[in-house]
Amino acid sequence: MDPVNIVEGRVSDLPRDDVDTDQIIPARFMKRVERTGFGEYLFHDAKQAPDWNVEIGNPILTAGANFGSGSSREHAPWALEDAGFRCIIATSLADIFYSNSTKIGLLPVELPEDQVRKIAAAGEAKVDLEAQTVTAGGDVFPFEINPDTKYRLLNGLDDIGLTLRQVEMVAQFEERQDAAGVRKPSSLDLPPEPIATTPVG
Amino acid sequence: MPKTLFDKIWESHEVADNLIYIDLHMVHEVTSPQAFDGLRLAGRPVRRPDKTLATADHNVPTDGTPVASRIKDALSRTQVETLERNCAEFGVPVFSLGSDRQGIVHVVGPEQGLTQPGMTIVCGDSHTATHGAFGSLAFGIGTSEVEHVLATQCLVQKKPKSMRINFVGDLPFGVTAKDMILGAIGQMGVDGAVGHAVEFAGPAIEALSMEGRMTICNMTIEGGGRAGMIAPDQTTFDYVQGKPAAPTGEAWDAAVAAWSELYTDEGATFDREIDVDVTTLSPRVTWGTTPDMVVGVDGAVPTVDAAEDEAQRGQFQRALEYMGLEGGERIEDIKIDRVFLGSCTNGRLADLQAAADVIQGRKVADDVYAMVVPGSVQVKIEAEKLGLDKVFTQAGFDWRGAGCSMCLGMNPDVLQPGERCASTSNRNFQGRQGKGGRTHLVSPQMAAAAAIAGHFVDIREWSAADVPSPEPAAV
Ligand code: SF4
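Heads up: the sequence lines are chains A and B, in that order.
Numbers given in this note's numbering equal positions in the first sequence, counted from 1, plus 182.
Numbers given in this note's numbering equal positions in the second sequence, counted from 1, plus 15.
The set of hints was computed from the structure by calculation and includes no laboratory data.
Just so you know, even glycine gets a beta-carbon here, dropped at the ideal spot from N, CA and C.
Worth double-checking, as some hints may not be accurate.
Computed cross-link-like contacts, EDC-like style, restricted to lysine to aspartate or glutamate with a CA-CA straight-line distance of at most 20 Å [what the hints assert, rightly or not]:
#	chain 1	residue 1	chain 2	residue 2
1	B	23	A	360
2	A	366	B	65
3	B	176	A	330
4	B	174	B	26
If you anchor each label on the Cβ, the simulated ranges turn out as follows [as the list claims (entries may be wrong)]:
#	chain 1	residue 1	chain 2	residue 2	range
5	B	345	A	360	53 to 61 Å
6	B	341	A	233	15 to 23 Å
7	B	31	A	233	44 to 52 Å
8	A	314	B	321	36 to 44 Å
9	A	324	B	56	31 to 39 Å
10	A	187	B	266	20 to 28 Å
11	B	55	A	191	32 to 40 Å
Residues of chain A placed beyond 12 Å of chain B at every Cβ, according to the derived structure [said to hold, decoys possible]:
#	residue
12	236
13	238
14	266
15	313
16	322
17	324
Whenever a hint applies, use it, and build me the whole structure from the sequences.
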């Protein structure tokens, strides 16, 4: 993942609440086995509404409350990112969507509604992760972000690499759990599968 | 210090700050290919294939296609074949198309006895909360997190806040677990539990079967919750005992002793608590495009004037237009075109039984196409042993193979634009069951009755007046 710090440019606006991941990318477009190429399906069905006027191609998207609710599909942030968005500024973001976004370097920002509206009205904005501010139309709006998440985003760090540094602790935990006696079920205890699966290669 | 059930499980799985150990990782074909790809690129193995299980469910056809290579849709075939290949390469057990244990992840885990109290469980699917019905902590995660868990068996996770939803009073006749959770969501809104791990409690919960409890926990996410859980009790133990992966002999006794400690201590506090009065609940029907747009079957579609503010007014307006409904229309007057019985919310044996009780000896209305999609091949086999397939097919239902099917419309089972469906699934979002499709979420009994009548009917009156069996339908 690439480091994120400054996102600057034009703002697209989707001033609605509860834009769920099915609206961001309908399930029928999730059949690719790669991570890229989902951008062309972004808002595929939603954008057919007559009153739809969200510009695609800008780096910043503003939205209402509970953006990204619903399915845990990471295809939603992938589609947004693939379409060129680098930062989502919303009144609130659904939990899984928020964390999925940080995993791919799509910067999630939560601000009060009046501030989001001002940013949308300004049409252009500069988001500074280091300083935790959004500057738009002459105003500066500070935002909150978890320090660990911020560190990861600024450095473009992969979560897995970070955890694998703690692999000793994981191994110790597994030993303690085994020693405690109550054995957790193992999927390998189940009788093996008799069916012929597609051969490897 | 008194602790909540959630605290107990969380603390016993903390490897380090914000890093929790995962006891069971369920994997499916849609959210895993990119994760396996990531491992391959980085040259990383799956840390604990023995704590991982894959099934093909989201994208499988339900027409009896016997193996992945025969799936007609090229993209679906690629996903299922990719899953099989990835599992073979990384040593992960997989129940794929053609296996008699294939099915929806959240049905397969419990039925194989892999889902047990006190565990931490994750899956790249937001309805993983289902497993919380056993007193486990179960989260939906994204694909990057799937990769993380495959590589490390741990999840980076900030401890969510805790919340308890107390169901007050006894459940009235004809009202099911589905109505309880739809009632709770209607009361608190689709973001009512955002950021919280939710414990469901109260006498009505204790009285529920495991299937009912799974229905409740399943839809925690529709209320915004991160995880949903219910303290394990005798009902739980009885369900787990004898399942393929359940402990036996002395190990079983030790397990039950440990599980019996899994409850919220007297005096433990939650960040949030709400009460939901079940005594006033009637069977629920959603009318709009979010699960909190829900009313009783004895009620009417709200008018935009019922909205609390301008923003909600706009939402109501859009929802009514999309759903092709008029404010003020009586729910019982809404005619339906399709019925979908299935999903990880209501696709278990008890759900099919409850629906079968309602339709026994009746016929599906002329203009309605109704389908039953068992949650797993095991559910299908068990149902067929009981002759439920006959009850359904004689009534004119289509009896299908196992999978997610029309719950999300990735496979060919989709609604046509404008078609209206009574569905036992969990999401009524725009286009969820097919582009332009209109979904009304209901219990299996309500869906079954609607199939017969051709419109929504109040199952309470229907049962009393018409159903030959005097037994109240199981919940
Ligand atoms: S049945 Fe529906 S909600 Fe459940 S796992 Fe499948 S797609 Fe998701």
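Checklist entry - Failing hints, ascending? => result 10
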